[in-house]
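Novice: From first to last, the protein sequence lines are chains Z and W. So for the first sequence, the UniProt record's numbering puts the first residue at 1; every next one is plus one. So for the second sequence, the UniProt record's numbering puts the first residue at 1; every next one is plus one.
Among the clues, some could well be false.
[Said to hold, decoys possible] For each label pair, taking beta carbons as the anchor points, the in silico distance ranges come out as:
1. Z:T492 with W:D121: 53 to 59 Å
2. W:D94 with Z:T492: 53 to 59 Å
3. Z:E331 with W:S139: 45 to 51 Å
4. Z:K191 with W:E33: 50 to 56 Å
If you're looking for bench data, these hints aren't it; they were derived computationally from the structure. No residue lacks a Cβ here, since even glycine has one placed at the ideal position from N, Cα and C.
These are the residues of each chain, in order.
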Amino acid sequence: MSDISNFSDDDDSRQEDCALVDALSELNFEENNIENIRKRKNSDNQEQSETNSDPCSSNSLNFVDEEYDYLHDSEWINQKCQVFILSTAGKPIYTLHGDEDKLNPLFGLLQALVSVVSVSSNGNPDEDDDCIRSITAKNTKFVFLIKNPLILVGVNKSKRSEQQILNQLMDVYNQIIFIVTLKHMKNVYEKRNNYDLRKLVAGSERWIDHLLKDEKQTRISNNSFVSLMHSVRILPMEATTRDNITKTIQTNCSKIKNLVFAVLIANNKLITLVRMKNYCMHTDDLRLIFNVVECSESFKTAENWLPLCLPKFDPNGALYCHISYLSDDCEACLLLMTVDQESFSVLSNAKKNITEKLRRSNYMEAINEGIKDKGINLKTIGVPDIRHFLYKNKKNTQLLCSEITTPYNTLEQFERIEAMYYDLHNRIHRVSRPLKLIYEMHEHEIQLAWVTANYELYATFEPLVEKKSIIIAQVNKLLKYIKKEEDKIFMTGTHIF
Amino acid sequence: MKAIEAKIVVLGSQGVGKTSIVAKYISNIYSKEIGPTIGASFFTCKINLNNVKVKMQLWDTAGQERFKAMAPMYYRNANAALLVFDVTNHTSFDEVKGWVLELQKNVQESMFLLLVGNKIDLEERRAVSHEEAVMYAQSIGAQFIETSVVRDQGIEQVFISIGLGLINLSSESKCSSMRRYESKDSLLSSTHSSMTNLSGIQYYDGVHMAIDISQSVEANGVGRVEIGGAWEREAYAHGYPQKTGWCC
Ligand SMILES: Nc1nc2c(ncn2[C@@H]2O[C@H](COP(=O)(O)OP(=O)(O)O)[C@@H](O)[C@H]2O)c(=O)[nH]1
Ligand SMILES: [Mg+2]
Chain Z
1 MSDISNFSDD DDSRQEDCAL VDALSELNFE ENNIENIRKR KNSDNQEQSE TNSDPCSSNS
61 LNFVDEEYDY LHDSEWINQK CQVFILSTAG KPIYTLHGDE DKLNPLFGLL QALVSVVSVS
121 SNGNPDEDDD CIRSITAKNT KFVFLIKNPL ILVGVNKSKR SEQQILNQLM DVYNQIIFIV
181 TLKHMKNVYE KRNNYDLRKL VAGSERWIDH LLKDEKQTRI SNNSFVSLMH SVRILPMEAT
241 TRDNITKTIQ TNCSKIKNLV FAVLIANNKL ITLVRMKNYC MHTDDLRLIF NVVECSESFK
301 TAENWLPLCL PKFDPNGALY CHISYLSDDC EACLLLMTVD QESFSVLSNA KKNITEKLRR
361 SNYMEAINEG IKDKGINLKT IGVPDIRHFL YKNKKNTQLL CSEITTPYNT LEQFERIEAM
421 YYDLHNRIHR VSRPLKLIYE MHEHEIQLAW VTANYELYAT FEPLVEKKSI IIAQVNKLLK
481 YIKKEEDKIF MTGTHIF
Chain W
1 MKAIEAKIVV LGSQGVGKTS IVAKYISNIY SKEIGPTIGA SFFTCKINLN NVKVKMQLWD
61 TAGQERFKAM APMYYRNANA ALLVFDVTNH TSFDEVKGWV LELQKNVQES MFLLLVGNKI
121 DLEERRAVSH EEAVMYAQSI GAQFIETSVV RDQGIEQVFI SIGLGLINLS SESKCSSMRR
181 YESKDSLLSS THSSMTNLSG IQYYDGVHMA IDISQSVEAN GVGRVEIGGA WEREAYAHGY
241 PQKTGWCC
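Isolated chain W (complex conformation) (with noise of 0.2 Å):
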């Protein structure tokens, strides 16, 4: 059976939803006590589409300023996007168009986007309506679908449409940086399997996850590691050499 293997960043504004829908999807499990993601989170899934099986490798990025700059090691090489936006937050609506710009002027390759408004049980809250989402949707050539994670609506949908435009991406071979490759496992129907290391993470040379390190790794001598083309801070930590024992 013929299989693909891609990357997924998700981005959107803190607190629109990003954990939850993955969490759902993936773990069938919804918390109010995730709490805040920090940096970024990796899970994996598969799914059984058409005939093809698509192996899903998502960054559920955190979305606050500090952690900014790390984006572009998430979205570069990403071959879809999962824009995410909480319907009843018109700012959050418009951070997503922050990031579509983003990634038009970052990212070369196409890539498959997929805009959601989620947190539709909030409907007497709702600020941003379905037309006006609709109709930037298809001004960026993306699919826009709602969801509640809350009532599990939209949620299956969501990961179907990626492994859709992702199937559609393969073939029409614009990706260079999607994997494709003959499984040997056999035809099962859509599954999910959690993201726990447990579950057949693989790996391969195509796929470059960060950002490019202008100097090479090199000791300098005074007992310190030092590495150029940092992300924003420019600096690495640089230890000390140990006084004794395990610790100082």
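Bound-form chain Z, shown alone (with noise of 0.2 Å):
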């Protein structure tokens, strides 16, 4: 691990001019604001409600005034963050907030933009480079992600860059993938381009809302860094407890044939992870079943057995998924995943097994005590200076962070911080010029970002610390605490069956 003395007063170290390129420039978009929209609106409806007949669709015959007033109703109108999904026929799916169907002439005009911009480029969606990317109207973004047959568009009035927006699209597109595959998706709207996709979706729409809005109770957790910086985070244990727990699921399914994976997870924090030799699991596919077990209720009162897609394995098959908690009194969920869609039973034998032997072993207690983990204590290990970090281990993927304490335990604080985090990070990687080190005073704290070879460092400092020579200091110590408890906070080595 590298050390952090020759932290320097260099150019990089200083804030970067904030204002956010706008990229929509070459698009020849002039700077609208969303009454601009609203006008333009009404027109492209009526084109849209006339190339868009279909006889059995109601939706089609939703121009009335009521509707009319709804686009402009403060329910979903305010809200800092929209996305909306939409087929490329203009078929709404999915808002995050409000009702899609009252949405439905706002549909067609984000349809009418994206085709007007593709047909002005040879009228073929499915090209990257000649599609809408984005629009900046003032402090709003609005970005298009266009995955023939789906459109998803991202709304935010916060700072999040571009690319932020477009990677929380690109998760809310896989978790589409995740539920009904690309492939069966692509059949269904071969046959019928005018599908609604809402019928394949049902009854996991909060599979999105989850991934998009974690709800008030839960919201104030080191849970919304994970897709920032996409990465997983590890329950800690100690390493051998870790390697017995393993080692019990592989001694429990290495006869099982065609058994993938096996993934043990509580708290949105994976356990361990066994997987068939040649195969692995990809951080964002294992980022879409934390959210998926954390919004699944249903998954607690009995076994399951479910076919689901994880997209950056294969977007186009399903693996047949075991899910179940260990018990009542141990919360971590385990999923056995198979290509074979008998092996029901064995499976749930397996689970049977594994829970016996890791509650005779005491390795259920371990677990119950890595889920009241709140998170690295800054005090205890004397780094009294530091609020509040994010390390990503980037060898791994893992990302480790610390207790959430004052004063950023408020809502209002909490999601001042969390942009703070977004921004710095946005600015640390800007493609056109990506920086080692950023080191920023701010009014209400010190802000630290710094990328090596190994790992990403984000700190948060006291506002009024008078040297430099003590932040180094307290950074060196935490990460040399971090290189001591490696192999209990992180998870090294990988595991086949």
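Hints given; two lone chains; assemble the complex.
Specialist: Right, here's the structure in full:
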């Protein structure tokens, strides 16, 4: 692990100009504000309702006055963040806030925007480089992700960068593939391009909701950084305990044919992952699994058996998953994923045996201890001027965070610091000029971002630390601590059946 | 003591209360927070009736369109079907009729059918009359029970009725997929055991859960796993060979 002593005052470490590049200028969109777009909407609607005249769809009849009013309804219009999903044929599929049927005219507008731009560029909406990417309107960014047969639009009024909004849309897209598989989705749209995808997503809408908005009470959590950092968090435990849990899974699953993955998670963190030789689990897929398990209460009441698609593993096929919690007194969720749809009973037995073994060896207690963990306690490791940090282990894409304490444990303050991390992350990774180090003094805190070959560190300090040397000393102490505890807080090594 | 072990499938539209009924009986919980079933959930329970111990393996299905193609996996080899509709929703009653047609077409062995009209606590919104449901049940040779999970009405009766139906079925010995055996357990009064994995789930060779697989598993030499005869999507996942580390 490198040292931070060569930390200097060079230009790179100064605060960059915050103005975000207007990525749209090349598309010749003038500065619009929402008001203008709203006005244009009306004429676009009419066109839309004529071209999109599916007799079975009641949606296309929605252009009456009361729907027009809904477009100005504060229920959705004042939201900081909006996500719309529609089909390339203009059919509404999803809106984060509000009711997609009532917003039908808006979907028509979005589809029109996408097709106008792609028509003027050979009319191939599949081609990445010839389609609308984003619109910047004063403080609002509209970002488009066109993935035939879907169009995803993210609208954001906070300081998120275009790339960050795009990443969020990619996550949502992958979540849809996770539910329906790409191949199946393409098939249904090939048969009927006016298909209503909501029928296939039915019952799983909350997976998309949950990906985009955490409920208020769980909002203040380090979990909100996993998507920013493209990584997963690990449940801390002694390395030998983790090894033994892994071995228990291996022993009970090694004879099961066609089992591809066994994943044990708790509290949005990974305990262990065992996989079939030559296959691996992508972090993005793992994050989707976390999301789904977190918001599916129904998994707690029984053993579940369902097909799921891991988009990075194979977007066109599903794995059958046996999903269940270890027991009532240990809220760890075990997922056994296979390509054999007949193996439910075998997996159910394996799960039973794993649970019994873990209970007998007291590993459930170890897991429960880990569940209680709230993140690194900075006071106990002797770095009192660090208020909070995010540390990404780049080699294995694992994220370590410190406990969220005062002043960031109120919703308002948490969202403020979260936005600062997003901003910091964006600036240090800006494609046109990636940086290695950012050190800035703000009104209420000092922030540091540091990217090395092996890790990324984002840390927030007390605002009144007088000397930089104090900060350097504490960062080094923290890094030393992380190094020392490495095999407890990260998952090293790989395990196969 | 005599024992039988049987598979039961729970069918019906989304939202009629299938999961609520099963969860209420098995763990005596009623929660609005459970949320929709995804895919299918598996529960087990035991009930002692007329000196016979009946072990039930219940498949609670989801009823969403994308899982429709999975249904045969659950109703093939089932010995009983619980057909649930919501008495305030006539469409859900019509959809039960669809399930019955599907069962009649695809299931050879005799099966005990129990029609359940749930949510009778919402009497003022009733859309399916008792008579209409009784008539229909008679026409398909099913029994009929009305229930309310909210008021805990008729729930126990549902499971007793299934138990008795299964005992009947096994004594007629028409049913080859049901397991009959002597249990060493002492005679206890009607007990529910919870569905958690600790409650002694047993499996046996006689019953196959899933639809037939037309091809066997083979590796195609390119580092992928392939398998034929999948459900509707025709395709299983193909992984790509790993890079390094446990994650990509
Ligand atoms: N009023 C009333 N609501 C019920 C009853 N049973 C279930 N529900 C509600 O109906 C909804 C769907 O229940 P659920 O068990 O998930 O239905 P499933 O999709 O068939 O499994 C839930 O909100 C339950 O709270 C009942 O007997 N009366
Ligand atoms: Mg259900």
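Novice: Now tell me, hint by hint, if it's right for this structure.
Specialist: Hints and how they fare:
no. : hint                           : result
1   : Z:T492 with W:D121: 53 to 59 Å : holds, 55 Å
2   : W:D94 with Z:T492: 53 to 59 Å  : holds, 57 Å
3   : Z:E331 with W:S139: 45 to 51 Å : holds, 47 Å
4   : Z:K191 with W:E33: 50 to 56 Å  : violated, 37 Å
Violated hints amount to a single one, hint 4; each of the other numbered hints is respected by the structure.
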